[in-house]
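Asker: The listed protein sequences derive, respectively, from chains A and B.
Residue 82 in my numbering sits at position 82 of the first sequence, with consecutive numbering throughout.
If you want my numbering, it's the position in the second sequence, counting the first as 1, plus 231.
You may find that some hints are simply not true.
Claimed, not checked - A few chain B residues that face chain A, going by a derived Cβ cut-off under 7 Å, partial list only: (1) Val-479; (2) His-926; (3) Gly-930; (4) Leu-940; (5) Val-945.
Unchecked claim - Away from chain B, derived, C-beta distances all over 10 Å, residues of chain A: (6) Glu-29; (7) Arg-35; (8) Ala-110; (9) Ala-117; (10) Ala-123; (11) Ile-176; (12) Pro-188; (13) Ile-190; (14) Leu-193; (15) Val-199; (16) Leu-201; (17) Val-205.
These aren't lab readings, by the way, just hints derived from the structure by calculation.
Quick reminder that beta carbons are idealized off the backbone N, C-alpha and C, glycines included.
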Amino acid sequence: MSHGVYAQLLDLACGVFLLCAVVVLWRRELAVVVRVLAVQGAALAAIAAVLGGHERRWGLLVVAAGVGVLRAGVLPYLLRRALDVGAVGGGPYREDVSEGRETRPVVNVAASLVVAALLVLLAYAVARPLVALDPTPATRALPVGLSVVLIGFFALVARRRALAQVVGFLVLDNGITATAFLAASGVPPIVELGVSFDVLLAVLVLYVLTARMRAAFGGTDLDDLRELSDR
Amino acid sequence: MNAVGPALAAVGGLAVAGALAGGLAPARVRPLAAGLCTAGLGAAGVVAGAAALGGARYGVWLPGLLPLAGVRLAVDPLSGLFMAVTGAVTVAVAVYGVGYASPGGGMHGGRGPGDEDAAGSAGGRHAGSDAHEPRDALAAGGGDHGVRSRGAQAVGPVFAGAMVLVPAAGSVSTFLLLWELMALASLLLVLAEHRERPTVRSAGLWYAVMTHLGLVLLLVGLALFAARAGGESFAALRAGAGGMPAGVRGTVFVMTALAFTSKAGLAPLHAWLPRAHPEAPSHVSALMSAAMVNLGVYGLLRVGFDLLGGGPAWWWLLLMGAGALSAVYGILQAAMASDLKRLLAYSTSENLGLVVLGTGAAGLFRAAGDRPLAALALAAALLHVVNHAAFKALLFCAAGSVLRATGLRDLDRLGGLRARMPVTAGLFALGALGAVALPPGNGFVSEWLLLQALVHGLAVPGAAAAVVLPVAVAVIALSAGLAAAVFVKALGVGFFARPRSAGAGRAVESPPAMLAGMALLAACCAALALVPGALGPALTRAVRAAGVGTEKPLADGELGVHLAHTSAALHPLWVALALVAGTAAVAGLARLPARRRARRRDARLWDCGGGAPTARMAYTATSFAEPLQRVFDDVLAPEQDVDVTPVRESAYLVERVRFQRLVPDRIEHRLYRPLLAAVSGLADRARGLGGGSVHLYLGYGLFGLVAVLAALVVGW
Chain A
1 MSHGVYAQLL
11 DLACGVFLLC
21 AVVVLWRREL
31 AVVVRVLAVQ
41 GAALAAIAAV
51 LGGHERRWGL
61 LVVAAGVGVL
71 RAGVLPYLLR
81 RALDVGAVGG
91 GPYREDVSEG
101 RETRPVVNVA
111 ASLVVAALLV
121 LLAYAVARPL
131 VALDPTPATR
141 ALPVGLSVVL
151 IGFFALVARR
161 RALAQVVGFL
171 VLDNGITATA
181 FLAASGVPPI
191 VELGVSFDVL
201 LAVLVLYVLT
211 ARMRAAFGGT
221 DLDDLRELSD
231 R
Chain B
232 MNAVGPALAA
242 VGGLAVAGAL
252 AGGLAPARVR
262 PLAAGLCTAG
272 LGAAGVVAGA
282 AALGGARYGV
292 WLPGLLPLAG
302 VRLAVDPLSG
312 LFMAVTGAVT
322 VAVAVYGVGY
332 ASPGGGMHGG
342 RGPGDEDAAG
352 SAGGRHAGSD
362 AHEPRDALAA
372 GGGDHGVRSR
382 GAQAVGPVFA
392 GAMVLVPAAG
402 SVSTFLLLWE
412 LMALASLLLV
422 LAEHRERPTV
432 RSAGLWYAVM
442 THLGLVLLLV
452 GLALFAARAG
462 GESFAALRAG
472 AGGMPAGVRG
482 TVFVMTALAF
492 TSKAGLAPLH
502 AWLPRAHPEA
512 PSHVSALMSA
522 AMVNLGVYGL
532 LRVGFDLLGG
542 GPAWWWLLLM
552 GAGALSAVYG
562 ILQAAMASDL
572 KRLLAYSTSE
582 NLGLVVLGTG
592 AAGLFRAAGD
602 RPLAALALAA
612 ALLHVVNHAA
622 FKALLFCAAG
632 SVLRATGLRD
642 LDRLGGLRAR
652 MPVTAGLFAL
662 GALGAVALPP
672 GNGFVSEWLL
682 LQALVHGLAV
692 PGAAAAVVLP
702 VAVAVIALSA
712 GLAAAVFVKA
722 LGVGFFARPR
732 SAGAGRAVES
742 PPAMLAGMAL
752 LAACCAALAL
762 VPGALGPALT
772 RAVRAAGVGT
782 EKPLADGELG
792 VHLAHTSAAL
802 HPLWVALALV
812 AGTAAVAGLA
822 RLPARRRARR
832 RDARLWDCGG
842 GAPTARMAYT
852 ATSFAEPLQR
862 VFDDVLAPEQ
872 DVDVTPVRES
882 AYLVERVRFQ
892 RLVPDRIEHR
902 LYRPLLAAVS
912 GLADRARGLG
922 GGSVHLYLGY
932 GLFGLVAVLA
942 ALVVGW
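Next comes chain B alone, as it looks inside the complex (with noise of 0.2 Å):
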């Protein structure tokens, strides 16, 4: 017997504890009591993935606890690192939560409509929804609903408890059943803020169509799948799996494979991320886009490689394909994007796309028979994975902070938070060092490996490879430097230079509950980044229980990076020491010529009539993208609008000049737009089938059974 039992034991007992917790506590302590639950729930979770992720492998049937099937849980080292970066998360994310949902201290402060003015004037406890921007104002006011309300609290346990759990399901219909206990789990989160925002109501329904649309595509790839293979555990599939035909495991992959990428939010089955994801509470996305999105590519990794054992070439190409499509889609509309969260959500699609292109590596190189090379790749996506968790966390987590001081997630109307929010605005730098794909940050190593993975692979005969890689090389390399573009624009237009609204000037600090779970998840970022080395056992166990490979993909007992099979390698701890030590030479050396003459006055004394610069003159968000606009302007399609008012008198004279510019998901209009339109249209006319004659409902019926009979009579 080994940690794992009583480790997932705990798991289930604590979301329960913690759904009642939510459901029954009062008012005063149910944050409180809720976080404390999905904290250890997450903490266990950390311990069951770490124990599995040290080899032991866990296996139990529990008939009694659900009729027909029963629970079958089966836990290997591929499950351990999925339950490890999720508890992981969920242990960070929810001591945040409770700060996120005390009331007290900025936006949450249970104030009435009229006393504004009472809550500015006291010393930093302000409302920041200014009466000019309701459509960005959180409002989360009482008890009653919002992030506080008893549902949000109590749901909030059962969705990181499921999510924890889904990697360790062992049968198709315990996998199905987590899965979706997921899924509704967090569509009810989503929703939590409805009454506040509109928008959220739109994103709750795209968001359920798009994830049940899945779970029946989940749901027939599966079903088919067992069918074929006689009995619905994961072991019994396995077994079956080879003998099947290859049209059926083809079948069954992309049906599965596109529940999982729609999961993942890869394009073009994005659409309901950039909506849900900005649109839950904070502390929801934070667990959303750096916990669940994973969990796709766990399903990928499960499905594609262990259940069904590898497949053709073509298979992976697909999933590189849509891989690469994603990665340089998404940080392209993150690019473009002004609303912060929604930033953040494209640049989850972005990383997600580039783990899922080094899955299809790995799953190509292993078609071509290359098992080194193959484990090195999917190593690297793993890698990835628990890199983008640990940074898109800390993000989503600060860029809660910044909502719920400020009432804004616009960049173009904030500025100027480094000053008032010191401590967000560093975890805010350090999550956008690691989102930026640049060392010393913790997304460089796992970038940096799937790049040698893929250099290495043009060794692969084959044109598909031949073809294929360098474009992905190409695709990488041209997501990270968007990626830089992103992230400085976030950091900076966000944080730095002067507040450009009030709600911005009126930020304060986050209580300490949020700084702390923010900081747990920036110590990981920081682990991440100075000792990647240290997964490398773990890593490797994964990658051979997918079944990839056998081989160690990274050399056993290093701080480096070495990898087994080529001569490259990284020390990302010596690249570290080596630019905080060149940064702190620069540093110096600009200072030493500013020291000798120190006592120069700057002074203003002609500044051309302008004034002393204003906020209005700083780069905005907008404007830091133009550039970037300008460039990929064929494929991102912007729509401007100029609109000049003159004053009454004189055609001459402006008065007004407004500017609007609109960068729609062109995927959406193409493959979205037209699918719904015919949809509705299909709609339209079927609801002539309904005449109102009650003759015409039962002929139907009759009809439709004489027609069934006949089918089976002639098909007997």
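Chain A extracted, bound-state conformation (with noise of 0.2 Å):
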């Protein structure tokens, strides 16, 4: 892989790692949204697949292949099976039938967009100093992770269904395995390995938690939880 080709597809990777991001935040059906994230792991899996290829280190092949097939597969697997529970079980006599779509964000689309503009903005301007370092293909890329970090997190805090957060966990997440991809050119395959675990079976419980929540109250508004108040 010559050197170019090699920039060129980690920037490509890194792009579309960084538009599925985004997209998460604009796009209001759950469905299409683990569709996108499920874009997003393969997009993370390039990158680290890009890295591996190009420095001929066949560990972080492997660490690929484990990211892709868990970020890519099994993941938004989970996320779909739990979305098709929910609407079968919202069944149609449901006051709130709508489980499938996040409608009413906390802050709507338009001024999500804006924020992650300039969160991006943000990323890139504390990166600066960090990509001076070392001005490799792969640093100049460093601020991709950190602005997905920074959207994964305000995912978070503007969406109200549970499967959403566990959305916006995922790309917080994603964002941070990518940062680290991209900063210190791969990880380990057991550091990843244990990492990846740790959010699958994250996932796991907030999956198991979502249907209790939806047994209990018939619904996955966050908002709802409010009783653990301290007054």
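Hints given; two lone chains; assemble the complex.
Answerer: What follows is the structure in structure tokens.
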């Protein structure tokens, strides 16, 4: 792989990766959002694979394969299943039939996109000195990872449905993983294995929690959960 | 290779062995095993300290003992002095503690709830906790909790070991580690009797909060110092201190001084001391009051003089102010206290105030360039540390004996103990003599030296010295006078006259181990009182190690005290002999006429219907302190409450008069209450931030992250 092709492939993967994060903020249908998340997982795997292929590190390719399976396959599949169960369980007689859509986000879509743009700007500004340390193509793409972290965090704040929040959490985690790949040019397989396992467990727990919430309250609007406040 | 290294190793090893013995040994031998280890480590501390005072220096770096920084020890004569004092107190108090925690006799007999009568009739093996005095009752029953518990016995040696080792620390990390170990161990010991008295818990809370705030200050101050100096060993700090800007040096000094003066129990950061010291088991009180508070002074000397290499006059004026305030305030509060251990705790605050006053004076003289006088003031302060350790440990141990025998700390209910506990009473009297700063007590020598330093300091140029030094002299004089009243009260009301409660009436003398421990301390007091000159060379070396002056403050080779640079001299031995001779002569003369009329018999004929004087007619602590309270009414602002209950049929016939007097700690009211109220008000308002919404909480996280990043961007 020549240097130019490597840089372009890496930029392409990073672009898709960032774009997916923005789309997650933009679209309201949870089914679409889950599909976008799968694409983002694939982009993340592609980043790892491009890095591994360029530096001829086969361990990184293994990691890329694992990341791809988990983040483009298993996690979206789990979310999809949770969504289907919700759609069936919701039924026509439920008061809130729009489980599959994020009807009233805390911050509306237009404002969300503006905020996402600001967050990306912030990430680029913050990463400037880091990039200046060692301006390789991978380091230049570092702000993308930071932006996705911030956007994922914002999605966590701005979305009401439990599933949308799980998606936000996964975007945040994707961003962290991408930052690790880009800044340290890959992590050892054992570390990545631990992190991935952690994420899988977190999603499983949230999955169960979502089902319980739905069974108890008939919906997964997190703003209904205010009983634990201090006063 | 000198004796310091092996002795320090023995201290560490015995601390661990004592902790294991206290934690694992069966209950019968637990106090003995832990006590022997503690006494051994104290003795090792004395050996190490004496070797260091003899001029041996020792330094070692053990990188493998702790991750990252390793353990660095450095011993010089200044640390040697504090190690020797701590070790000596530890030996005596450990011996005392074996008796204090031993079963059988007095309060600690493992008695069941119902056998009080049986215990009371069994020839003095009584239990002093009346049903009417639950608040005062010690009631440390079985071996599962209280001072005999596994926890308390295991922590005791750790506390003693940490205290002995703190002065040996040679780097910031080692110092902070040992300092915190000491604080935590003492906190656990303060809480040892939390099941018996609810006040213990509140005292423990105060102590925990204040000691940890102190630790935070110390941590920040020393970290700042180490960062600026470019190394965390004391040698690096010493080397780096010279090139620092004055602002940084001042900040470091103020922060560490706040922490150290709080540990030394100085006003206005004293609030923990009169709470924690009385509520701790008595041998722990003795250790805390005679050894732990000294380490605050050590820290001041180490950081202020040695590491920072002295500083401008305002540092030392601040110290002198704090010292003077706590000297007067502490002794005033002690004069009002009727709880024996609380009285002693406030007296600790006073004595450490005097020590810090001397330290501040030494710094002031040094800043003015008068090295010999600075050395004299510091030597006086160090000698007072030694003296105070001796007599305060003795007094707290004696108070513990009283508490153990009667279950009472309230002087108003004690009395008449001279007849029932003659040895304890005599030892308490000896300690009180040291505390009142009158000849021939040991406290007199050091306070005299301090006064000499301050009086001769009037020659030092500068307006500050001209104003501050006379005031300081007056403060010392006032505190000495009040101390006399305080200890006359403690001794006279507590031990003379008649017992004023059933508990005091049934007291028995303490077991031999406790008496032996107190006798050791009494011997130290007597030696310090009679031949203080023997400490001269050691004090000279310690003062030199602190970097205050290279001159000898005291002339060597004399039993008396000769000031090297002025004409003053004092021979305590002759003073004592003269006093003894004078007293004997007066007593003999008084007997002479009595002998001539030896056959006169006294009999009551008409005593105006009053009958024999009862215990209720004797002075109580409260009534004894009343005139003083009137004199200092404006300062103390006591709260009095007279409650007259008439008989139901007639308003003119009084059934009951209830009198209550409280002397609140005014500094506490003015300083701590508003602060605590403000903090809890803020906390209440902060509660509004927790609205319960998950989005809100997540939003806080995001906002915080973005704010930090934005600050990074702007600040880059």
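Asker: Evaluate each hint against the coordinates.
Answerer: Structure-based check of each hint:
Hint status for Val-479(B): violated, given a least beta-carbon distance of 27 Å to chain A, over 7 Å. The interface hint given for His-926(B) is met, as the beta carbon of that residue sits about 5 Å from the closest beta carbon of chain A, less than 7 Å. About 5 Å separates the beta-carbon of Gly-930(B) from the nearest beta-carbon of chain A, less than 7 Å, and the hint is met. Taking 7 Å as the C-beta cut-off, the interface hint given for Leu-940(B) holds, the closest approach to chain A being about 5 Å.
Residue-level restraint check for Val-945(B) is violated (minimum Cβ-Cβ distance to chain A is 9 Å; threshold 7 Å). The Cβ of Glu-29(A) lies farther than 10 Å from every Cβ of chain B, with a closest approach of about 21 Å, so its non-interface assignment holds. The Cβ of Arg-35(A) lies farther than 10 Å from every Cβ of chain B, with a closest approach of about 24 Å, so its non-interface assignment holds. No Cβ of chain B approaches the Cβ of Ala-110(A) within 10 Å, the least distance being about 19 Å, so the stated non-interface status holds.
Ala-117(A), annotated as away from the interface, keeps every beta carbon of chain B farther than 10 Å; the closest lies near 13 Å. Listed as a non-interface residue, Ala-123(A) fails to keep its Cβ farther than 10 Å from every Cβ of chain B; the least gap is roughly 8 Å. Distance check for Ile-176(A) against chain B: the nearest CB is about 12 Å away, which clears 10 Å, and the non-interface claim stands. Its beta-carbon lying about 23 Å from the closest one in chain B, Pro-188(A) satisfies the requirement of being farther than 10 Å from that chain.
Remark: the non-interface label on Ile-190(A) is consistent with the geometry, its nearest Cβ contact in chain B lying 23 Å away (cut-off 10 Å). Against the 10 Å criterion, Leu-193(A) stays outside the reach of chain B, whose nearest CB is about 27 Å from its own CB. Non-interface status of Val-199(A) relative to chain B is upheld: no Cβ of that chain comes within 10 Å, the nearest being about 18 Å off. The beta carbon of Leu-201(A) is kept farther than 10 Å from every beta carbon of chain B, the shortest such distance being approximately 20 Å.
Look at Val-205(A): its CB is around 15 Å from the nearest CB on chain B, clear of 10 Å, so calling it non-interface holds up.
The structure shown violates the earlier hints numbered 1, 5, 10.
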